[in-house]
Amino acid sequence: MTLSISASLVLGIIMGLFFLPEGIANLIGSIGEISLAVLLFTVGFDLGRDANLGQKIKDLPKITLAVPFLVALGSIIGASLFSFLIGISPGDAALAGAGFGWYSLSAVIIAQTYDLTLGALALLTNVSREILAFLLIPLVAKKVGYLPAVAPGGATAMDVTLPIIARNTDAQTTLVAFYSGTVLSILVPIVIPLLIQLVQRLP
Amino acid sequence: MAVTLLLVSLVLGFALARLDVLPQGWSRKVGLIGYLSLITLLFSLGLTLGSNPEITSVLPTLGLKALVLGLGAILGSVFLVWIATAARGSGK
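Read top to bottom, the protein sequences are chains C and Y. For the first sequence, the positions run 1 to 203 when the numbering used here is used. For the second sequence, the positions run 1001 to 1092 when the numbering used here is used.
These aren't lab readings, by the way, just hints derived from the structure by calculation.
Computed footprint of chain C on chain Y; a stretch qualifies when at least three of its residues, placed anywhere within it, have a C-beta under 8 Å from a C-beta of chain C: (1) 1009 to 1020; (2) 1024 to 1032; (3) 1040 to 1052; (4) 1056 to 1068; (5) 1072 to 1078.
These numbers were taken from a predicted model, which means no experiment stands behind them. Note that beta-carbon positions come from the ideal geometry of N, C-alpha and C, so glycine has one too.
Extracted from the complex, chain Y is given alone in its bound form:
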């Protein structure tokens, strides 16, 4: 993944908004563009995963175990961040 391209996009979006050079009404369009590209991204991520034999060949034997571990990692990390931020009264 070309990380540079991603960073440039992020900074460019930030700069354009700061400079306020885009016409009025663009903000709503930017939201819609974001939504559509999110859908496209997820679809292509699915395609990449589904068509990768390295992933699909081990799916039947390891898939369920992986799901359990992935969930464990998520719950553990959410829990620690929640504890730390809730203790400071800044969870939200």
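Okay, chain C solo, but in the shape it has when bound:
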């Protein structure tokens, strides 16, 4: 299944690069939005069929409440650690990582209030994160665990990557993913301006 998902993504990118006729961008946006809505309908349906869902939510370990904050911290630390591989400052890398996968918003805030080039890098970093998340979620779910599989998608765990999480984990984890993605989406416009202030004060 991962193969057909990757194939359709890559095919889309190639067709977008070379063959896309002018003026159908809006149509594509609508198709994407409708397919996402249908997809979320099926995710909701699967959750609703689970008769013991209420009990399962009660049985969730307390640590699940902390998941979005762990994802936020891990994203920022992970990106700043990897900054040394590509020769940029850890502070700038932390900012790019703090988009948590929400590429449009993070890039706009960074480009408008801090630095244009870093805005572009943040955009691509979070696009990469979303694409990599699609490929890595099934692997993380199988090899590491269900809750860690919530992490790769970051803020997109509430919408775009939620179906992949739902397909590769269970109903409980799907709910945690929705919760985590929602909290992270709220955190993006809070954490990025705070980080910008912090980075500007560093030498």
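Add chain Y to chain C, keeping to what the hints say.
The following block gives chain Y in isolation, referenced to the frame of chain C:
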């Protein structure tokens, strides 16, 4: 993105399943519909990314760096969640 539409879809799917109003055999069809819409979604996401000059123009210079940072963010967040949940014996 119309977040409201997405929330309504999710709740509607949940409600229909809870009320059990759909005919027998629908559950398998819902799975197939989900799969097909996932493929469509990914294809349209690819189209949107590939045809966006704002993204493709900076791709050659920043693409590799972005991939490294994106991977770093993923690995860092997976690691922290794994540590926290494994310590509680509830990773899976």
